[in-house]
Amino acid sequence: MLRPGFRDPVHDAQGVFRAVLDALARPGTVQPLATRLDPPAPLTPELAAIALALTDRDTPVWLDSALAARAEVAAYLRFHTGAPLTGDPARAAFALVREAGRCPPLSAFAPGTPAYPDTATTLVLALDTLEAGGGLRLTGPGIRGAADLALAPMPPGWPGALGDNRAGFPLGVDSLLTAPGRVAGLPRSTAVEG
Amino acid sequence: MSEMRGPESPYNFAYLDEGTKRMIRRALLKAVAVPGYQVPFASREMPMPYGWGTGGVQVTAAILGRSDVLKVIDQGADDTTNAVSIRRFFAKTAGVATTTRTADATVIQTRHRIPETALTEAQTLVYQVPIPEPLRFLEPRETETRQLHALGEYGLMHVKLYEDISRHGHIATTYAYPVEVAGRYVMDPSPTPKFDNPKMDDCPALQLFGAGRERRIYAVPPYTRVRSLDFEDHPFRVQRFDCPCGLCGAEGVYLDEMLLDDTGRRMFICSDTDHCEERRAAGHVGTEGA
Amino acid sequence: MYVAVKGGEAAIDNAHRLLAEVRRGDPAVPDLSVAQIREQMALLVDRVMAEGSLNDPDLAALALKQARGDVVEAVFLVRAFRTTLPRFGASEPLDTGRMTLRRRISATFKDLPGGQVLGPTFDYTHRLVDFALAADGETEPAAEAAPREDAALTPRVTDLLGRDGLIEPSPPDDGAPPGDITREPVDFPCDRATRLQALARGDEGFILALGYSTQRGYGRTHPFVGEVRVGTVAVEFVPEELGFPVPLGTVQVTECQMVNQFHGSRSVPPQFTRGYGLVFGQGERKAMAMALVDRALRAAELGEPLASPAQDQEFVLAHCDSLQATGFVEHLKLPHYVDFQAELELVRRMRAGFEDRREAAE
Numbered sequence: 001m002l003r004p005g006f007r008d009p010v011h012d013a014q015g016v017f018r019a020v021l022d023a024l025a026r027p028g029t030v031q032p033l034a035t036r037l038d039p040p041a042p043l044t045p046e047l048a049a050i051a052l053a054l055t056d057r058d059t060p061v062w063l064d065s066a067l068a069a070r071a072e073v074a075a076y077l078r079f080h081t082g083a084p085l086t087g088d089p090a091r092a093a094f095a096l097v098r099e100a101g102r103c104p105p106l107s108a109f110a111p112g113t114p115a116y117p118d119t120a121t122t123l124v125l126a127l128d129t130l131e132a133g134g135g136l137r138l139t140g141p142g143i144r145g146a147a148d149l150a151l152a153p154m155p156p157g158w159p160g161a162l163g164d165n166r167a168g169f170p171l172g173v174d175s176l177l178t179a180p181g182r183v184a185g186l187p188r189s190t191a192v193e194g
Numbered sequence: 001m002s003e004m005r006g007p008e009s010p011y012n013f014a015y016l017d018e019g020t021k022r023m024i025r026r027a028l029l030k031a032v033a034v035p036g037y038q039v040p041f042a043s044r045e046m047p048m049p050y051g052w053g054t055g056g057v058q059v060t061a062a063i064l065g066r067s068d069v070l071k072v073i074d075q076g077a078d079d080t081t082n083a084v085s086i087r088r089f090f091a092k093t094a095g096v097a098t099t100t101r102t103a104d105a106t107v108i109q110t111r112h113r114i115p116e117t118a119l120t121e122a123q124t125l126v127y128q129v130p131i132p133e134p135l136r137f138l139e140p141r142e143t144e145t146r147q148l149h150a151l152g153e154y155g156l157m158h159v160k161l162y163e164d165i166s167r168h169g170h171i172a173t174t175y176a177y178p179v180e181v182a183g184r185y186v187m188d189p190s191p192t193p194k195f196d197n198p199k200m201d202d203c204p205a206l207q208l209f210g211a212g213r214e215r216r217i218y219a220v221p222p223y224t225r226v227r228s229l230d231f232e233d234h235p236f237r238v239q240r241f242d243c244p245c246g247l248c249g250a251e252g253v254y255l256d257e258m259l260l261d262d263t264g265r266r267m268f269i270c271s272d273t274d275h276c277e278e279r280r281a282a283g284h285v286g287t288e289g290a
Numbered sequence: 001m002y003v004a005v006k007g008g009e010a011a012i013d014n015a016h017r018l019l020a021e022v023r024r025g026d027p028a029v030p031d032l033s034v035a036q037i038r039e040q041m042a043l044l045v046d047r048v049m050a051e052g053s054l055n056d057p058d059l060a061a062l063a064l065k066q067a068r069g070d071v072v073e074a075v076f077l078v079r080a081f082r083t084t085l086p087r088f089g090a091s092e093p094l095d096t097g098r099m100t101l102r103r104r105i106s107a108t109f110k111d112l113p114g115g116q117v118l119g120p121t122f123d124y125t126h127r128l129v130d131f132a133l134a135a136d137g138e139t140e141p142a143a144e145a146a147p148r149e150d151a152a153l154t155p156r157v158t159d160l161l162g163r164d165g166l167i168e169p170s171p172p173d174d175g176a177p178p179g180d181i182t183r184e185p186v187d188f189p190c191d192r193a194t195r196l197q198a199l200a201r202g203d204e205g206f207i208l209a210l211g212y213s214t215q216r217g218y219g220r221t222h223p224f225v226g227e228v229r230v231g232t233v234a235v236e237f238v239p240e241e242l243g244f245p246v247p248l249g250t251v252q253v254t255e256c257q258m259v260n261q262f263h264g265s266r267s268v269p270p271q272f273t274r275g276y277g278l279v280f281g282q283g284e285r286k287a288m289a290m291a292l293v294d295r296a297l298r299a300a301e302l303g304e305p306l307a308s309p310a311q312d313q314e315f316v317l318a319h320c321d322s323l324q325a326t327g328f329v330e331h332l333k334l335p336h337y338v339d340f341q342a343e344l345e346l347v348r349r350m351r352a353g354f355e356d357r358r359e360a361a362e
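Protein chains in written order, with the working numbering: chain A, 1 to 194; chain B, 1 to 290; chain C, 1 to 362.
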């Protein structure tokens with residue numbers, strides 16, 4: 001049987017969006033993300049919440065192999081969002097990654113175009129841990145001075161790949177990092193040092 | 001369907017349907033990720049006219065939650081007719097708490113001013129924008145200006161400002177004074193007086209901009225460098241008023257000029273009505289106050 | 001002592017009450033019913049539906065009543081309502097070749113299959129004020145013409161010309177769904193389908209003036225009215241779960257096929273080209289003007305020199321919408337005193353500088 005979506009579609013979606021907006025506007029901060037969702041495994045409640053809040057038939061969604069392997073996940077997302085699923089990460093408006101340790105390189109996703117940098121993919125990663133402090137040193141818009149963010153597992157090639165992503169600004173992929181009950185943002189404008 | 005039509009009101013929370021909110025929210029996220037870049041969005045017809053804040057209203061409607069406290073100002077004042085109208089719109093369609101106190105608000109929608117009271121990390125400032133394209137009056141074609149932004153080619157703007165200097169001895173732009181955001185995009189700060197430009201720089205609050213008729217959304221994240229364009233030999237300078245506010249005696253704030261009679265008698269009072277009231281409540285009195 | 005101006009809230013409430021009173025007018029005069037507006041101001045209702053992009057005569061009539069007869073204000077009410085409606089999908093393309101005709105005129109052929117149908121038109125009326133209408137005069141019932149034998153056969157004039165290759169073929173259907181200007185921001189340069197959407201809901205006065213300008217030499221297109229037809233067509237919709245079209249009802253539309261002379265270019269032989277106009281209801285002026293502007297906007301595609309406003313898609317599309325235009329023009333009524341103060345200070349400073357320089361020169 002299909003699992004239910006947001007209990008309160010209007011206000012749950014608003015709450016998720018505001019958490020994501022705050023996360024992306026203030027890189028290095030970790031925002032609480034309450035979801036009240038119980039999606040089919042291996043989809044996490046946080047990935048599901050962001051998908052339900054932000055995707056619809058106008059946004060092609062790419063799933064990593066762990067998520068794509070389970071038909072229940074696609075059925076759940078299709079039913080609750082109407083978003084078309086794509087097998088091509090370069091066409092994805094949103095990419096959901098369950099196994100961050102096996103995340104494809106950032107260059108596999110859409111970086112936007114010089115005239116329309118907003119057409120870049122938003123990458124949404126499920127992590128085991130996400131903590132303010134330690135780990136990566138972040139600077140850039142949204143950050144007062146510098147901020148530190150620790151995450152695990154680290155996607156392959158990070159943090160070096162994030163530096164390449166930043167170097168392409170204003171093109172580039174924007175990442176949302178999730179862990180149980182929390183979300184942080186790494187927009188393309190953020191400079192990252194290991 | 002249930003999300004769109006509640007039993008008691010024919011309209012959704014904060015008026016917009018959820019599909020429209022999602023579209024605007026996605027645009028906002030990209031706007032935050034690329035500071036100062038104008039994200040195209042499919043602006044909707046709103047129940048107030050284009051040019052009257054539909055962009056700001058759509059942004060506010062897309063971010064607003066039940067626990068938000070909304071303040072709306074026009075020309076710095078909470079009591080101007082359009083500010084009243086927009087504040088009521090949200091009180092009615094979203095049932096959110098409203099306030100005139102800057103410090104109590106979580107979301108502030110504004111037309112033409114930035115409050116005098118310093119904003120905090122807990123606040124979001126939503127600007128209503130009539131013409132989002134800073135290059136529009138230098139190059140009317142969208143196809144051209146888009147290309148100029150893509151290339152980061154802002155020579156036109158510098159030429160315009162420099163022509164001012166050679167003609168008048170100074171830059172003759174007093175409001176909607178162009179800024180460079182995070183070292184990349186040149187952005188229109190909306191028709192705020194240039195007096196307010198310094199408040200945008202390194203601001204703890206998130207700043208969001210909505211242009212409904214022109215269908216653009218853009219953003220300045222908190223703690224982001226916002227530099228007013230200038231030249232080494234002609235640095236950016238804000239307006240200065242010769243006298244303090246006549247009602248509260250405030251200095252270093254933006255003032256409105258009031259004509260008192262037909263003989264030319266005038267006085268200057270705070271444009272930010274909340275700031276003025278707070279000061280007067282705290283006992284500050286100007287030369288014309290009581 | 002000066003007291004700061006207050007009272008925006010009360011002023012707005014009072015203004016709204018006054019508006020309601022003025023809208024009703026003299027209470028001794030009977031109230032207009034929505035049905036009366038719909039039936040007796042039908043062309044006005046049609047215009048509100050066309051520019052409001054919503055086929056709903058009762059809603060358009062109600063909007064006109066609420067708007068005190070102000071067309072743009074009524075269009076505004078309809079659009080603001082329309083924007084909140086949930087979407088179930090897009091209908092199948094209308095087949096105007098299967099229209100039940102009310103009126104059909106071709107200026108390019110004296111007679112043609114299906115015939116010329118004059119229908120209800122002002123065209124040959126003498127514009128003399130009919131004072132009998134003021135005296136509640138009733139009209140005589142119209143004589144119904146005997147239907148022609150070929151009335152069921154009403155192929156479009158452009159299809160007849162197309163058979164001989166004299167007119168450019170209609171572009172082939174590439175299967176791609178057309179864009180939707182109400183759901184996606186317009187991206188310049190935009191395709192013809194997008195332009196036609198914008199023109200269809202564009203302000204009649206603006207489109208009319210632009211179309212007229214092409215006739216006076218600003219982007220001349222040598223037009224002939226291949227055909228103007230008014231009538232009802234079936235609207236069909238394919239529900240996902242059924243997979244075949246089901247009829248939803250009919251709509252009245254006005255379609256204009258403009259046939260334009262074209263001398264050919266290096267790659268295209270001389271032939272006639274097309275300009276197209278379609279609006280809800282009976283709106284011949286709008287449909288014809290739209291067809292002229294559509295053809296003018298194809299100048300780039302056809303390799304014609306671009307020199308006139310009607311050929312400039314950014315100019316036309318960015319300014320044809322009455323709501324955008326009226327909103328931005330009328331927003332000048334809003335307070336601008338903060339900006340004005342900034343300008344006042346600048347002008348004073350510049351005048352002082354001017355005086356100083358003049359004194360120094362003397």
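None of these hints come from the bench; they were simulated from the model.
Some hints here could point you the wrong way.
EDC-like, lysine to aspartate or glutamate: derived pairs with alpha carbons at most 16 Å apart [claimed, not checked]:
hint	chain 1	residue 1	chain 2	residue 2
1	C	Lys65	C	Glu21
2	B	Lys92	C	Asp31
3	B	Lys92	C	Glu73
4	C	Lys65	C	Asp31
5	B	Lys199	B	Asp261
6	B	Lys199	B	Glu180
Hints and how they fare:
1. C/Lys65 <-> C/Glu21: holds, 13 Å
2. B/Lys92 <-> C/Asp31: violated, 30 Å
3. B/Lys92 <-> C/Glu73: Given that 16 Å is the threshold and the Cα spacing comes to 22 Å, the pair is violated.
4. C/Lys65 <-> C/Asp31: holds, 10 Å
5. B/Lys199 <-> B/Asp261: Distance ~34 Å between B/Lys199 and B/Asp261 Cα, so the pair is violated.
6. B/Lys199 <-> B/Glu180: With Cα atoms ~14 Å apart, B/Lys199 and B/Glu180 stay inside 16 Å; holds.
Of the numbered hints stated above, those contradicted by the structure are hints 2, 3 and 5, listed in ascending order.
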